[in-house]
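*Asks:* Now for the letters of each chain:
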Amino acid sequence: MARKEPLEYHDFNTHRNFNEIEKAARDIEVLLKSDYRLSKRSIALLLLQEDEEITALVRRKEKDFDTIDKIIQKTRKACPEPLQYLITLERQSKVDRILREVISAREKRESSFEQWLDDITIKPLTGVPLLFLVLYFGLYKFVGQFGAGTVVDFIEGNIFEAYVNPWINHIVVSLIPYKPIQQLLALDYGIITLGIRYAVAIILPIVGTFFLVFSIIEDSGYLPRLALLVDRVFKKIGLNGRAVIPMTLGFGCDTMATLVSRTLETRRERIIATLLLALAIPCSAQLGVILALLSGRPYAMGVWVGFILLVFLFIGYLTAKILPGERPSFYMEVPPLRMPKISNVLEKTFSRMQWYFLEIVPMFILASVLIWFGKMTGLFDMIVHALAPVMNAMGLPEKAAEAFLFGFFRRDYGAAGLYDLQKSGALNGVQMVVASATLTLFVPCIAQFSIMVKERGVKTALAIVGFIVPFAFISGVALNWVLNTLGVTL
Amino acid sequence: MDCCRNKRSIFSYFKNGISKSQCDEREKQSKKRKLVLVGTPNVGKSVIFNYLTGSYVTVSNYPGTTVEVSRGTSKIGNELYEVIDTPGMYSLIPITEEERVTRTLLLEEEPDIVVHVVDAKNLERMLPLTLQLIEAGLPVMLVVNMMDEAERIGRTIDIEKLSRILGIPVAATAAAINRGMTEFKRKVAEYGEKRAA
Chain Y
1 MARKEPLEYH DFNTHRNFNE IEKAARDIEV LLKSDYRLSK RSIALLLLQE DEEITALVRR
61 KEKDFDTIDK IIQKTRKACP EPLQYLITLE RQSKVDRILR EVISAREKRE SSFEQWLDDI
121 TIKPLTGVPL LFLVLYFGLY KFVGQFGAGT VVDFIEGNIF EAYVNPWINH IVVSLIPYKP
181 IQQLLALDYG IITLGIRYAV AIILPIVGTF FLVFSIIEDS GYLPRLALLV DRVFKKIGLN
241 GRAVIPMTLG FGCDTMATLV SRTLETRRER IIATLLLALA IPCSAQLGVI LALLSGRPYA
301 MGVWVGFILL VFLFIGYLTA KILPGERPSF YMEVPPLRMP KISNVLEKTF SRMQWYFLEI
361 VPMFILASVL IWFGKMTGLF DMIVHALAPV MNAMGLPEKA AEAFLFGFFR RDYGAAGLYD
421 LQKSGALNGV QMVVASATLT LFVPCIAQFS IMVKERGVKT ALAIVGFIVP FAFISGVALN
481 WVLNTLGVTL
Chain H
1 MDCCRNKRSI FSYFKNGISK SQCDEREKQS KKRKLVLVGT PNVGKSVIFN YLTGSYVTVS
61 NYPGTTVEVS RGTSKIGNEL YEVIDTPGMY SLIPITEEER VTRTLLLEEE PDIVVHVVDA
121 KNLERMLPLT LQLIEAGLPV MLVVNMMDEA ERIGRTIDIE KLSRILGIPV AATAAAINRG
181 MTEFKRKVAE YGEKRAA
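If you read the sequences in order, they're chains Y and H.
Just so you know, we're using the numbering used here here: the first sequence kicks off at 1 and counts up by one.
Just so you know, we're using the numbering used here here: the second sequence kicks off at 1 and counts up by one.
Just chain Y, same shape as in the assembly:
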C-alpha cells in the first residue's frame, strides 16, 4: 500500500525514548516479509506493544522471528516505561497538535443545570433516592398500576370477559360436541380463552408500558449513571455495574432480562445474572400482584422486601465466591444526558413488543395445553396432594400448592392463586409473607426457563432450577420458623 505516511511520530519526539522506538519499528518493518493485510508499520508497532494475537501471527509467519524478538526485547529494556504507554502518549500528543489547529474552542462548560443533574444521578446520597423515585413512578406507578392495573382491567374486563370469551365459548360449544376438545379450545382453561387472553390482555399491556418506560430511561442516558452508582455493591456479588441493565429489566420481565444478560462480558457473569434473575427478581406482573396482596400490611411488605433483598445479596455473594473465573473490571463510557427522541422511543418500544409477543404466544398456548392435560388426567390434583407435606412445613394450607404449580406457568398466575386464598381468609399475615417470598424465589416460569436453556445451555439451566426449587422451599420453611419463633404477627 503506497500511502504517504503522514503520521510518523518521530518528527516531534516529545519523549526522549521515542527515537529508540521509532528506530526499532523501522528495523522490524524491514524484517517483516509476509503479507499481513495491515501495514508493516502497524504490525511493527503492535509487536512492540506486545499484542498477543499479532505476536503469535508473526511468530508463525516469519522465519526470522528471533531477530525481531531481540529488537523488541532490547527496546523494552531501553525504555523505562511500558512501550504501549509510550506509544499511546506519543500518539495522543500528535492528536492534540492536530486538534489545536482545527478546533476553535470558545468552549462553555455544560450548563449548570445539566452539570447538576449529572451530579445528583451519580452521588450515592442523591442518586439512591433518585433511583427510588424512578422505580416508584416509572415501574410501580406507571407499569404496575397503570399498565398492570388500569389497562389490564380494561382489556381483560371490558373486552375479553364481556365480549370475546362469551362469543368464543358460544361458537366452540355449538360447533364441537365433544367436551374435552371444547375445554381445550375454550371455557375455563382453553387455548383461546386462557392462553391468548393472557397474552393479549395481561402480558401485552404490562410489557408494553414497561418497554416504553425502559426506552425512555435508556435513551436519556440514565442507565450508565445508574451502573456507576451500583457498581460497588454489584462488585461484591461478582457482577459489575453493567449488570444493572438485565437486573432492572428483570423487574419488567425476567425472560427478557435473561436474554439481555448476553451483554455481560464474561460467561461467569452471565451465569450469576441468570441465576439471580431466576431466583430473586420478581417480574412486573408478579410484583404487581404481590404488592396488591401485601399492600394492606406494610410490615408484611417490609419483611418481604427485606427477605428477598437479603437472598439476592447472599446468593450473589456466595456464587461469586464459588464460581471460578476472573472478576470483571468495569469500563464504560458515560454519555451525556439527552432528551429522548419520541420517534426513537416509540420505534424501539414497538419493535420490542412485537418481538416479545411473538416469543410468548407459543408459550401460553403450551401452558394452556398442559393445564388442560393435567386437569383431564387428574395429574394436577395428584401433584397438589403430594406437595402437602412441604406446604405444612412452611405453615401453609394444602391448597397453596396449587398456586405454586400455577406459578411455574406464569409467575403472576401463582401470585394470583395466593390472592384468591387470601380473599377467602385462609391465610394470616405470616403465612402470606412466607407464601409470597417462597413464590418469588420459586422456579422461573416456562418462558424464562426456555430462554435459560437457549442462552446458557441445558445443563446450566437445569442446574439453576435444581438449586432454586429446594432453596425456595427451604427458605420458606426457615422464614416461617424465624417469624414464628420470634412470635411476630403481621
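These are calculated hints, taken from the structure and not from any lab test.
One should not assume that every hint holds.
Cut-off 27 Å, straight-line C-alpha distance, at most; resulting in silico cross-link-like pairs (DSS-like, lysine-lysine) [unchecked claim]:
id : chain 1 : residue 1 : chain 2 : residue 2
1  : Y       : K235      : Y       : K321
2  : Y       : K94       : H       : K161
3  : H       : K185      : Y       : K341
Since chain Y is already given, all that's left is putting chain H on it; use the hints.
*Replies:* Just chain H now, with coordinates in the frame of chain Y:
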C-alpha cells in the same frame, strides 16, 4: 461468520433477520463493495447504519448496545455497498471480546471503506484510533458526528483542515437529527470511486 445471524443488536434480531434467500444472494454478489463502520461505543454507528441501510438496529443512549455484527445493503452513488456495523472499539489493541471481533473483522473482510465514526465533543480521545487505522493502511474516512452537541458547548471544528492534515475524507454530521448525512453519503461515493480507480 454465519450471515443469517445478523442484526443481533440486543432486541431487534427477530424483526430484521435477513431471510435465507437474501443470504444466498449476498454470497453470490461478491462484486458488492464493503463499508465497515467502526468507532468507540455510543458515537452513533448504529444510527448511521440504519440511515444507510434503511433497516432497524436498536439505537440507545447506552454504550455497548450493539453486541454483534450487523450487515445490510445500501446503494451509495451508483454502487451497491455491503454495510457492516461493528461493536465498539477503543483502540487497535483489543481488550474485550467485542473489540477483538471488530479487529478480526477489519483484518479478514478486506473492506473497501472503513468509516470511523467519532463524537465531535470527544475528538481528543477518539482521534488516536483514526491515526491507528490510517497507520494500518486501511482505507479510512472519518465521520465527526454529534456536531450539534459540540456546537452547543461552543466548539467549532475546521473539517476541511482536519481532512487536509489527516489526508483522508472527513464528513461532519449530526446523525440523530439527520444533519449532514447527504453530504456524508456523497463523500463515501466519491471516496469509493477514487479507491476503485
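*Asks:* Next, verify each hint and record whether it holds.
*Replies:* Quick rundown of the hints versus the structure:
1. Between K235(Y) and K321(Y) the alpha-carbon distance is near 12 Å, which keeps this suggested pair within the 27 Å criterion.
2. Of the pairs offered as hints, the one joining K94(Y) and K161(H) holds, with about 15 Å between alpha carbons and a cut-off of 27 Å not exceeded.
3. For a cut-off of 27 Å, the pair hint linking K185(H) to K341(Y) stands: about 24 Å separates their Cα positions.
When held up to the earlier numbered hints, the structure conflicts with none and fits them all.
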